[in-house]
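Could you build all of it, start to finish, from the sequences and the hints given here?
For the protein sequence lines, the chains are A and B, in the order given. Each residue of the first sequence is one higher than the one before, counting from 3 in this note's numbering. Each residue of the second sequence is one higher than the one before, counting from 3 in this note's numbering.
Worth double-checking, as some hints may not be accurate.
[Said to hold, decoys possible] In silico lysine-lysine, DSS-like type, Cα no more than 25 angstroms apart, as pairs: (1) A:172 x B:41; (2) A:83 x A:172; (3) A:183 x A:86; (4) A:156 x A:131; (5) B:83 x B:156; (6) B:156 x B:131; (7) A:77 x B:156; (8) B:41 x A:156; (9) B:131 x A:156; (10) B:168 x B:86; (11) A:172 x A:137; (12) A:156 x B:172; (13) A:41 x B:168; (14) A:111 x B:156; (15) A:168 x A:156; (16) B:183 x A:41; (17) A:183 x A:168; (18) A:183 x B:131; (19) A:77 x A:172; (20) B:172 x B:86; (21) B:156 x A:41; (22) B:137 x B:172; (23) A:168 x B:41; (24) B:41 x A:41; (25) A:137 x A:86.
[Said to hold, decoys possible] Derived list of chain A stretches under chain B, where covered just means 3 residues or more per stretch with a C-beta under 8 angstroms from a C-beta of chain B: (26) 76-88; (27) 93-105; (28) 115-127; (29) 158-168; (30) 187-201.
It should be emphasised that the hints constitute simulated quantities derived from the structure, not laboratory data. For clarity, every value in this text was computed on a predicted model and none was experimentally measured. No residue lacks a Cβ here, since even glycine has one placed at the ideal position from N, Cα and C.
Now for the letters of each chain:
Protein chains: 2
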Amino acid sequence: MGNTVSTSVIRRLPRYYRFLQELMNNGIIRISSRELSEKMGFTASQIRQDFNCFGGFGQQGYGYNVSELHAEIGKILGVDKGYKTILIGAGNLGRAIATHMNFDARGCKLIGIFDVNPELANVEVGNLKIMHTDKIESFCNENSPVIAILCIPKESAQEIADTLVKHGIKAFWNFSHCDLKPTFNDIIVENAHLGDSLMTMVYNVNASSDN
Amino acid sequence: MGNTVSTSVIRRLPRYYRFLQELMNNGIIRISSRELSEKMGFTASQIRQDFNCFGGFGQQGYGYNVSELHAEIGKILGVDKGYKTILIGAGNLGRAIATHMNFDARGCKLIGIFDVNPELANVEVGNLKIMHTDKIESFCNENSPVIAILCIPKESAQEIADTLVKHGIKAFWNFSHCDLKPTFNDIIVENAHLGDSLMTMVYNVNASSDN
Chain A
3 MGNTVSTSVI RRLPRYYRFL QELMNNGIIR ISSRELSEKM GFTASQIRQD FNCFGGFGQQ
63 GYGYNVSELH AEIGKILGVD KGYKTILIGA GNLGRAIATH MNFDARGCKL IGIFDVNPEL
123 ANVEVGNLKI MHTDKIESFC NENSPVIAIL CIPKESAQEI ADTLVKHGIK AFWNFSHCDL
183 KPTFNDIIVE NAHLGDSLMT MVYNVNASSD N
Chain B
3 MGNTVSTSVI RRLPRYYRFL QELMNNGIIR ISSRELSEKM GFTASQIRQD FNCFGGFGQQ
63 GYGYNVSELH AEIGKILGVD KGYKTILIGA GNLGRAIATH MNFDARGCKL IGIFDVNPEL
123 ANVEVGNLKI MHTDKIESFC NENSPVIAIL CIPKESAQEI ADTLVKHGIK AFWNFSHCDL
183 KPTFNDIIVE NAHLGDSLMT MVYNVNASSD N
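So this is what it looks like as structure tokens:
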């Protein structure tokens, strides 16, 4: 399945899911692809094409059933998977990610937080106690996490990533400002390069004020 | 200028900039487009095409001068612009963004942090004191910020955004999990939807384990 759907369609799925959640919260039961397109800013044909990538979701002339569509997309996204997840780097950003994100609702279960600073050991973040990074390997061997969130300086990111892959990590959510070099072909890297995002915005501000 | 360069080229610019910075840090003075392409994982022809969007950077048969290219791309990105920036929402994520990002190196100057919680008023974050959101309008009128970072719940994001646009904000870096409806055509929105990024990764993990 994963290989036949384009990246851009996949990137729109969380947005559909989020939007359908809002419709449910507002008590809306049914919506046509036309209404959905007006509200989301995609064309109706785009929406139908996106949904057809997953076999379509049976709009029977009267619109989509909002909660059914939400559940279907959630299933495709794997929101019920509870993938075991660890976070490396409990600085300001790492702690904010650990406490701010609703991991459970997005298919992850945060089970361990690590930092190289010994003074942070046993400090509580959410309901977890920070562990020293020298415990990562034994922790992985015992608990088999599959996802790692990297919130560490770029200088140490590649080395830690290599170690984690050896201990069974399959995917990285990478906040470190570096491009991880894949050690194996099947490792998934989702970059959250906040600095790049900020600079893209500044470029656009700069370009628009030149006009 | 801004209108003629594609979004995907623009999104690659911060990565070039970051990569050239690393080369400089490692004392590398010159690099060919072939070497650059091998290290970055783009084709050499892609790199030349990207640079040609900005008039090319005069590779005279012996490679690019790293520090000159870094400076040129930095200029295009507007890293020296120091756009006045405010941050709304000083929860875990907002405070982490305020302290974690090197705004000065990316063309922004963070001049104000606001939160709706009166108990946070005057709490220091970095070298700024949090102000109550009821001070936003007078602050904008006096200081004319152009960029706003939104780290507030989605329920209040649109209303705050509308107010900010009325007070001169031209661009939003939007961490709120909602899609802002543009009130005016020329407002720039750069979304940093961390939840969507996480869900995209989980989809890919899920899809790869189906195979």
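We went through each hint and held it up to the structure:
With a C-alpha separation of about 23 angstroms, the suggested pairing of residue 172 of chain A with residue 41 of chain B holds against the 25 angstroms cut-off. For the hint pairing residue 83 of chain A with residue 172 of chain A, the CA-to-CA distance comes to about 14 angstroms; that is within 25 angstroms, so the pair holds. Our distance criterion of 25 angstroms between C-alpha atoms is met by residue 183 of chain A and residue 86 of chain A, whose separation comes to about 23 angstroms. Straight-line distance between C-alpha atoms of residue 156 of chain A and residue 131 of chain A comes to about 24 angstroms, which keeps the hinted pair within the 25 angstroms bound.
At roughly 30 angstroms between alpha-carbon atoms, residue 83 of chain B and residue 156 of chain B are farther apart than 25 angstroms, so this suggested pair is violated. Using a Cα cut-off of 25 angstroms, the hinted pair residue 156 of chain B and residue 131 of chain B holds, with the two alpha carbons roughly 24 angstroms apart. Restraint check: the Cα-Cα separation between residue 77 of chain A and residue 156 of chain B comes to about 24 angstroms, which is no more than 25 angstroms; the hinted pair holds. Distance check on the hinted pair: residue 41 of chain B and residue 156 of chain A sit about 16 angstroms apart at the alpha-carbon level, within 25 angstroms; holds.
Between residue 131 of chain B and residue 156 of chain A the CA atoms are separated by roughly 29 angstroms; this puts the pair beyond 25 angstroms, and the hint is violated. Restraint check: the Cα-Cα separation between residue 168 of chain B and residue 86 of chain B comes to about 16 angstroms, which is no more than 25 angstroms; the hinted pair holds. This hinted pair checks out: residue 172 of chain A and residue 137 of chain A have alpha carbons roughly 19 angstroms apart, not beyond 25 angstroms. With a C-alpha separation of about 31 angstroms, the suggested pairing of residue 156 of chain A with residue 172 of chain B is violated against the 25 angstroms cut-off.
For the proposed pair residue 41 of chain A and residue 168 of chain B, the alpha carbon gap of about 23 angstroms is at most 25 angstroms, so the pair holds. For a cut-off of 25 angstroms, the pair hint linking residue 111 of chain A to residue 156 of chain B stands: about 23 angstroms separates their Cα positions. Distance check on the hinted pair: residue 168 of chain A and residue 156 of chain A sit about 19 angstroms apart at the alpha-carbon level, within 25 angstroms; holds. In summary, the hint linking residue 183 of chain B to residue 41 of chain A is supported, as the alpha carbons are separated by about 10 angstroms, within the 25 angstroms threshold.
A threshold of 25 angstroms between alpha carbons decides the hint, and for residue 183 of chain A with residue 168 of chain A the separation of about 14 angstroms falls inside it, so the pair holds. Among the hinted pairs, residue 183 of chain A with residue 131 of chain B is inconsistent with the structure: their alpha-carbon atoms are about 40 angstroms apart, more than 25 angstroms. With a CA separation close to 20 angstroms, the supplied pair residue 77 of chain A and residue 172 of chain A stays within the 25 angstroms bound. The hinted pair formed by residue 172 of chain B and residue 86 of chain B meets the criterion: a straight-line CA distance of about 11 angstroms does not exceed 25 angstroms.
A threshold of 25 angstroms between alpha carbons decides the hint, and for residue 156 of chain B with residue 41 of chain A the separation of about 16 angstroms falls inside it, so the pair holds. A distance of roughly 19 angstroms separates the Cα atoms of residue 137 of chain B and residue 172 of chain B; the hinted pair therefore holds under the 25 angstroms criterion. Distance check on the hinted pair: residue 168 of chain A and residue 41 of chain B sit about 23 angstroms apart at the alpha-carbon level, within 25 angstroms; holds. Between residue 41 of chain B and residue 41 of chain A, the direct Cα distance comes to roughly 42 angstroms. Violation of the 25 angstroms bound is thereby established for this hinted pair.
Proximity of residue 137 of chain A to residue 86 of chain A is assessed by CA-CA distance (about 16 angstroms); at most 25 angstroms being required, the pair is judged to hold. For a cut-off of 8 angstroms, the count of residues in the stretch 76-88 of chain A with a CB near a CB of chain B stands at 6, and the three-residue condition holds. With 11 residues having a beta carbon nearer than 8 angstroms to a beta carbon of chain B, the stretch 93-105 of chain A meets the requirement of three or more and the stated coverage holds. Closer than 8 angstroms: that is the beta-carbon criterion, and the stretch 115-127 of chain A has 0 residues meeting it against chain B, so the requirement of 3 is violated.
Look at the stretch 158-168 of chain A against chain B: 0 of its residues bring a Cβ nearer than 8 angstroms to a Cβ of that chain, fewer than three, so the hint is violated. Under a criterion of three residues with beta carbons nearer than 8 angstroms to beta carbons of chain B, the stated coverage of the stretch 187-201 of chain A is upheld, 11 such residues being counted.
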